[in-house]
Amino acid sequence: MKPKRERYQNRIELLQGTLDMLILQTLQWGPQHGYGISQSIRGQSGEVLQVETGSLYPALHRLEKQGWVSSQWKQTESNQRAKFYRLTSAGKKQLLSEQARWTQIVTAIAGIMNPAASAGQ
Amino acid sequence: MSLWEWLFHRRQRDEDLEEEVRSHLRMAARGHIEQGETAEQARVSAVREFGNVALVKEVTRDTWGWGWLEQLMRDVQFGLRMMAKNRGFTAVAVITLALGIGVNTALFSLLHDTTLELLPISHPQELVQLTWFQRGNLGSNFNWPDYRPLLEPQPALPGLFAYLSREATVRLGEASDRAHVQQVSGAYFSTLGLQGFVGRTLDAADDVPGAAAAAVLSYAYWQRRFALDRSVLGKTIYLENTPLTIVGVAPPRFHGLDRLSPPDITCALNAVPLPDGASYYVYLFTRLKPGLSLKEARDRVTARFHALLEGELKGERGWMGNIKLDVRSAGTGEYGGRLELGVPLGVLGILACIALLICCTNLASLLLARATARSREIAVRLALGAGRRRILRQLLTESLLLGMCGGCLGLVVGSGAHHLLTALLEISSAETFQFRLHLPLLAFTAGVSILTSIAFGLVPALRITRSGLQEVMRSGESAAARASLRPTRVFLVGQVAASVLLLTGATLFIRTLRNLEAVDAGFDRDHLLLMSIDPRESRYQGDRVTGLLDELMQRLPALPGVRSAALAYIPVFGDSATKNVWVQGNAGNGNSAVGFNIVGPNFFATNGIPLLMGREFSARDRAGAPLVAIVNEAFAREYFSGQNPLGQRFGDEGPKSAAKYEIIGVVKDARDTSLRFPPRPAIFQSLWQFSQYPPFVLHVQVAGDPQTMSASVRRSIQGIDSGLVVYGVRTMTEQINGTLHLERTFATLCALFGALALGLCCVGLYGITSYSVTRRTKEIGIRMALGAAPTEVVWFFLREILVLVGVGAMIGTPAAFASMRLFRGLLFGLSPSDPGSLLVALLMLAGVAAAACLLPARRATKIDPMVALRYE
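As you go down the protein sequences, you meet chains A and B in turn.
First residue of the first sequence: 1, per our numbering; consecutive thereafter.
First residue of the second sequence: 1, per our numbering; consecutive thereafter.
Here chain B stands alone, though its shape is the one from the complex:
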């Protein structure tokens, strides 16, 4: 019968068969009655002649063809009932599996999206990228416009295009915004084979210098900024004073060729001028039609490059001569940015696999412990005639059920872990990397779940079904199960050692972070807001810049919640700029670099840096006035030890310039690049005397929490001039945390994996103790009957665990010290062999271990000796 019939009509079929058998028996009985038997005798004879009614029905049902499915259903039902009966065990198993599988799933999702997923263009396998190799370095970015001759007038390969990415200010009407801009050559969209989702894309006609500049928006940008409004086509936006007409929107799933920096706006390379003062790099791609091989392409490109070295690039031959060009397959996009992720992802991947492996071994040992309780049931079943394979199938089905549940929960865990990972790896374009349940991910999760189920379910299942009935009935356990748990113990010792290592690391990193938090930075950490403003890009030139900044500095402190504001070239903390100085009358000059910043009036007051001597910069210190500078304590100590530095002079352009600046003030030391290192000598110049260095960093001191104030401050500034672009708004705390990224990453990773390892240890210890208790029930019964106290019984098992944990700790401690030594550079205020951290880790471990084994041990004390003795 068909599957449809089986699903919906099999009860009907069963009843049919029942009826058929009954009618057969009736007719057979009638036949016997006709032969002279009584009704009762006839009935008995009929049944006897028929044979085993149930067996006949069974065999007939087998011919219907879905016997295996029925068995599977029954196994699944039984498995679910078993899971419901042992809720505690099921919960532990499912959670353990979910954690292990979830982490792997999250990593796979990231890996897939960044490196495995083909670009959503037609025939992505044909896409190739040009790379260069020089002096042992491999790169994919090419100087622009140096490599322009590869594209024009005839491209070196058909369909060759170039693109570059940059951040720029974009203005629509009165509102300005920072956007990710991509400038492409004419063949970009046609080679990639992309049509506009609305409107059109760019082509070669748009890429001519002087052409009316057109822009194509990305779908995400169109959604975010214009709310999918189709009337945006034909509108004009301004890219740094160049007008662009919006002509179309790219397809929804296309995020550019580098998913780590998806473009918002795409325009032509030649039609839109690039701002001066920066160097630009392009990436070169093309599509290899089936007739052209990689080798041919490489040869062609190399030949053209050499021709260029003889011709247009003759002047650069000096340093470009030893460049080798190559063509590589690029169906998954631009590879350069992904290399950065490669190592961390790889490390995390290995850790996740190890975690999963540990999960499996733990579960296997737990299952083995539980299986001992069922060995009698299984032995009886085997004796009654069940096939070994049938029972194995049923046990594996139970494991698979656990695995599937773990997998489903793992998807939930995975989405959370994915979130954490993108934050950890600092992937900023998070919206292009969402945790979506697409087919490769589901297939991966299913596959991992199944493999895991088999891994932890097979060995216990095999062991249980190997037992002989007599043995089991006699001694209450099977020889196979009694066979040593040595592998489990070894694993457990390893897990304990790993836990010690990770927990010690976590403690060390967390304490490092706390030490760093407690450092006196020398400036006000809690009330500062930082943001970048760039008047230059927003139509302001020359003197208007100064006028704008003046107005800004006057109106800002008047805003509600703002106590003080100041401008600077770089932030007071986090970035670094140095130069050499020559101090008048000081020998040994110009050899050491000092930190420097160019700051406006009120800078030190805004940042909470005390002024020790002299004055801050003021409106007096403008262009044309005598050049002045402020120095910090360290500078004064270094160059004027003891003497009053006010009035002294120094210069920054060689020994002859030693009288350039007059020192008018001394401020207290403050940390500038990192909280770790003590402040170094630093000088400060007046912003009004050097205002050709935008963008500026605006420091705002607020009353109250800077986080809550950031939106209103930003709005106020745009209220002053809506054309002013404000970006990179952050609190000082965020700025400081940015410099501590590595430490925080390690602290988080160690803490997470330490917790995971600890949890797994807990499960493993619980399993092993539970198994011990079950195995020695009779022995415990005897001991208790002979007068042993419950505490003695508990100690009995506790001792076993303590030995394991002790050995693990003994291995883990030197391992922890050794590996922490590798990270010595990341620690602060602690030595790698800090005993306090180790102690904390050991205490945590001991506590968890005790808790884990206490539960089964207590169960041992509750054993009624009479029951135990009779428990065969």
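Next up, chain A with everything else stripped away, as it sits in the complex:
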């Protein structure tokens, strides 16, 4: 049975910095290949965030260039060759700092969008 193809794909344009953070976070759970990362982000965000390959792969290569991830060719479970990306220690540090920043931004925006809630704190 053919799955219903959605006519309107909800593709949210992710800011470059945010995408980097999401990728690093995904890799925290272990090395993963590009397809796996995009599936993981899609799944974990409840089908809301669907990362374009045109953003994903440049981001991965950029992260590698900056030394936050490293790559290696390995076999998948189905015995296919794939390029696995892994978080480096520098990447871990970067992830922490980005998480902190993200929290900061979110709190700031929440302060504007829900003034009553933050006023009540």
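FYI, nobody ran anything at the bench for these hints, they're computed from the structure.
A virtual CB, placed ideally from N, CA and C, is assigned to each residue, including glycine.
Nothing false has been slipped in among the hints.
Each pair of labels, with its calculated beta carbon distance range:
1. 17/A with 331/B: 53 to 59 Å
2. 77/B with 74/A: 33 to 39 Å
3. 100/A with 78/B: 48 to 54 Å
4. 105/A with 86/B: 57 to 63 Å
5. 74/A with 74/B: 31 to 37 Å
6. 437/B with 92/A: 52 to 58 Å
7. 31/B with 18/A: 21 to 27 Å
8. 380/B with 100/A: 49 to 55 Å
9. 112/A with 77/B: 53 to 59 Å
10. 81/B with 65/A: 31 to 37 Å
11. 65/A with 31/B: 25 to 31 Å
12. 39/B with 74/A: 24 to 30 Å
Not close to chain A: a few residues of chain B, all C-beta gaps over 12 Å, as computed:
13. 108
14. 143
15. 248
16. 321
17. 562
18. 614
19. 623
20. 638
21. 741
Knowing the structure of chain A, use the given hints to seat chain B on it.
Just chain B now, kept in the frame of chain A:
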């Protein structure tokens, strides 16, 4: 990724990325299969979800960081392919550029070596030189020993030294040689901070009168004369009878403080006596340590000079009183000699720049013509989404490639031009001015190439990329390109005028030279060898001189190939000596100067000057015998009109001496200083009666070509006495050419630049015609379809060119006449407005112009009307 990775591993990276994308698609397809699609459907869905595979790969590759380099490589490859495809155009462009850039490079090399290059000493910026200013004249040479008190006992400035240069005879063992000798004061080497390459240099202890004289050789002299033999240290050489011990060799790149006359041997100023009878000039230099400013130095020197004027130089105060001394920076060496070169170099520099400018405009117009053919390609590219800047970059890369090729070839042209220039400017110390590819030169050439590329490439590139696609597709050309070529036409007219001017000048000068060649000089031009010999310096004094010369004159004619030989005070042609005479029984004496020479026996026979009356000098006419003289025809005409001058008398020491000499012979007139002027009255005295005037000029008449005989004659003379110094060996032809230096220089310059201008005109005319043809292809097609003959089509374009050339000629002709008038003094046998020369120039121009435009015009006739009509 790093540059290293990019250079060597990028294909691997590309393949990696390819593999990565493939594996992603595989896994995505598998995911779809698991969702129930068929294998084929899964594959399609996976690809669709992925997006534009090529674009993703492209964007990912961009993150690797070397995208611009890759683009550059691709542009360069494309440019090279375009160049290979249009070989004719590329060849013309590269050659044009090479000529323009090459001439500039050669001039820069000369300019750099003579005026810009700092001396190879430590901290050359600190070096300063003393100069004097008197009555509107500026100089850097100081009378010696007048200015000695500035150096001793205490120098006016710390480290002040003096040096003088002269030619002298140097003897090592039995062999003698002429060398350039420099005599320096004690502080020379220490102030300059030079160590000996081998051995030591001179210091203050060597500069004491009576000290054992030491000599330091220059590296070039050591190489040339002693073949870098280190055992030369400690040997003794003789400088005019003074023994010098060789104590060291100067560093290799040091050519003295004046590169135009590099010294071979350096010795002390006070320890080696200077020959009498000449005046000497020194140059004064020192180093200003950081604490001392130029102004302070100037004040100190001036104060000391004034003190001297009160003290030791009191007697000279009359004429030295108004001298002002100055101290100027001299990091590039002694400036006086270079001033002579300044003006010619400047003029040549301007000419070279103009030539380069013309090259650029020509190439720009050529490129514009070619660009029209590519305007469709570019318009399509723009429509497909290429950025304007991207295309501009690619077009500029193509221009830069041309420029670089032109620059490389220009270096080759430059070395040839450099050779020519040093000969033209008569720079004799050519080995110190070699065309070497050092950094400033390469930087200059690269810079000029790049600037030129931008100059001729930018405007056409901008014009092409400005066009809109619709317009181009419709009419086959862009509005911008169609916009008038007026600037190009104006330039071309200017070039034609310049060509007319230069070619006329060249023709005039060449014909002048030929006229001068054809002049009957009155002596034998083709079989004479001249050389200077100086017995005085080679240990011969007094009577031994006469004995030596006698022997020489006896043995020389017996040598193989030598027909006759004679000595004289000055050469029969080329130098000039005059004196006043008083003729017995002639009123109005002593007012005009006559030429004179002091000659030995056989002089006139050797030189091929016919003896009309009486006899030549002989062994009879020695010191002690009655004073005799020979005169020429002009003298006889002037003072004895009609009468027999033999037996008449004249004198050269005032009216009372009118009976001093008896005239014993009359010779035919011969030109003496210049081929231009008719012979003037001249007298000849006997050498044996005045032998205290060495050096002598030996004239040798040879059978056959004097050029080939010169080495053997020289050897024979040294075989007679190896201590005899023979120098300045030259054939009569060379001697005559020496007096024609200016004319020959101008002829060469005009011819060269005329050829260059003509060549550039050719290129320009070709470009403009080619452009016309391309632009009007459709029109030609229509005309031919309607029945126009090919010749009519050719005439169509020829007419356009003829108009341009005609206008140029009309401007050029009066310009040529006007400027040639300035050089009237250099012409001979021609008037500045000589129509024949102008005609030759115009014919050359017309011929070249016709050839240049015939090629594209013929291309026009070959256009198939059907193709042309369809050519949108």
